[in-house]
Amino acid sequence: MDMSQTDAPIEPVDAAHESAVSTRNISKNYGEVEALRDLSLEFPRGQLTSLLGPSGCGKTTLLKIIAGLLEPTSGEVEVNGKTVTGPGPDRAFVFQDFALLPWASVIRNVAFGLEMRGVPKAEREDRAAHYIKEVGLGGFENAYPHELSGGMRQRVGLARALSVDSQVLLMDEPFSAVDEQTRRKFQEDLLNLVRNENKTFIFVTHSIEEAVYVSDQIAILLPRPSRVSEIIRPTGFRHKDADNIRRDPEYLDIVDQIWASLRTYVE
Amino acid sequence: MVSRSLLLKILSALILFGAWEIAGRIPVSLAFPTFLESMSALFRMMGDGTLWVAYAETLQPLVVGVAISAFLGIGIGLWVGLSKTFDWLFSPIFIVMQAAPLAALIPLLVLAYGIGLTSKVLVVCIMAMPVIVLNTSSAVRNTPNSMKEMARSYLASDLDVILKVIIPAASPVIFAGLRLGVSAGFIGAILAELKITPTGVGDIITFSRSIADYPSMYAAIFSIILLAVLFLNLLEAIESTLFKGNQRGYVSD
Ligand SMILES: Nc1ncnc2c1ncn2[C@@H]1O[C@H](COP(=O)(O)OP(=O)(O)OP(=O)(O)O)[C@@H](O)[C@H]1O
Ligand SMILES: [Mg+2]
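These protein sequence lines are chains A and B, in that order.
Going by the numbering used here, the first sequence opens with residue 1, and the numbers climb by one from there.
Going by the numbering used here, the second sequence opens with residue 1, and the numbers climb by one from there.
Simulated from the structure, these hints should not be mistaken for lab results.
Hints should not be assumed to be uniformly reliable.
Quick list of the computed label-pair ranges, beta carbon to beta carbon [claimed, not checked]: (1) Asn-142/A - Leu-230/B: 30 to 36 Å; (2) Glu-71/A - Lys-84/B: 15 to 21 Å; (3) Val-33/A - Arg-4/B: 47 to 53 Å.
Keep in mind the model is a prediction, meaning the values are calculated, not measured.
The beta carbon of each residue, even a glycine, is placed where N, CA and C say it ideally should be.
Assemble the whole structure, with the sequences as input and the hints as a guide.
Okay, structure coming up:
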């Protein structure tokens, strides 16, 4: 089995993939509740890192701290070597609850990030229309969010994040609202996206299979207060094509192994 | 759908007018004219111009008062909703204002500002403003946090967040407040004319009652209700053209 795996939270990564994002000794308290404690993690450039852990363990919190939407109680985040003090053009967020504007059409929702960046209307609508097609919503440009299914709304959120062309994509359970078939389709699309766009993806999920399927690196988080318990780097099957991954013995081994280490917390 | 709701509106109006006509014919009271008598009085007053002269008078405090209440009310409401300090400072004032018995305050207003336009405008404002302020501020406070976070993560400035997220999100409740405020403003305008000095439509009501010309009195009351209904419908039309996607409510989950 040619997968590397350590228990240490910080792992030396090969030079070609230096970190795009690093979090250092992050702690976050919500009043009495200690959500994250002393969490350190490196996110290699151009790769997809999954955050996997039980519900309520602080995955969204960590993602929002990286986005600059929340301030950590202590510790710091660096993106491309610069300390994060707030939201920036180098990061785009896909929200767990979509966060679409109900009074705005699909195209206006998708173009929102560009609008805030001062891109002129004609140009931003062109770019928005391009990404709407890319996520498979062509023809729905002028629909309103309440006219879309949950999965379609999620794709609007995805198109909005893609359209601003940020280096780092922060995705909070982006596939949670879609059915199994669509989910598989999205996962394949995501793999292509990681391959073709030189972007860094940080991906939150509940699903072990999904994490192993799409990730270059999986960080397993412990329940509150959350730290990284394990980092797994499935490398053996990454070059295989989409259909064969799910049959790969290494894929199945890693799924079993993650389940074995997580089940202690479920029971 | 549209034609069906219009049909229902017409139907309910017909039932109302029919009941009025029957009640007038029984009669419920000698001072209660039939619908048709009232309507003919209405057309007579429209014909000889009395009604238009009266409205030229009544609309002054009404329009000025409602305009002040809308602008100031939404402005203060936004502020109160956005800032905790302003909330502390202003909310109690408007809650008291909303609960205050206006009839008791009118003599004080007259004492301070005389019987002119100022007092009447103030009466309209006292009626209309609190509900506009309170609705606006609570709508602003209840803007879904996830939308504000989304906007900030896509680099919206504070002003962008207010203009592009908070105000559109709050607009249904702000408009609901405006509708309630405008109705209250109509009540205020008539109340002012009945309690301060009889002018305009209030004068028609007072005068025709004193000479027992009840059809004219009810015609005047009917006309003001009609005007209020028309105005509220106009407001609704403005709202639905401004914020189209809001119409069918929020997308939850
Ligand atoms: N605004 C808040 N105020 C207080 N506590 C909070 C707040 N946001 C999150 N928490 C707490 O912090 C913990 C982590 O929350 P978070 O949303 O990050 O979990 P999560 O891992 O994303 O969960 P899920 O997988 O269910 O989305 C939870 O226990 C939650 O109760
Ligand atoms: Mg979450």
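Taking the hints in turn, this is what the structure says about them:
With their beta carbons about 32 Å apart, Asn-142/A and Leu-230/B fall inside the hinted range of 30 to 36 Å. Between Glu-71/A and Lys-84/B the beta carbon distance is about 19 Å. The supplied range of 15 to 21 Å therefore holds. Checking the proposed 47 to 53 Å range against Val-33/A and Arg-4/B shows it holds: the Cβ atoms sit about 52 Å from each other.
Violation of the numbered hints given earlier is absent; every hint is satisfied by the structure.
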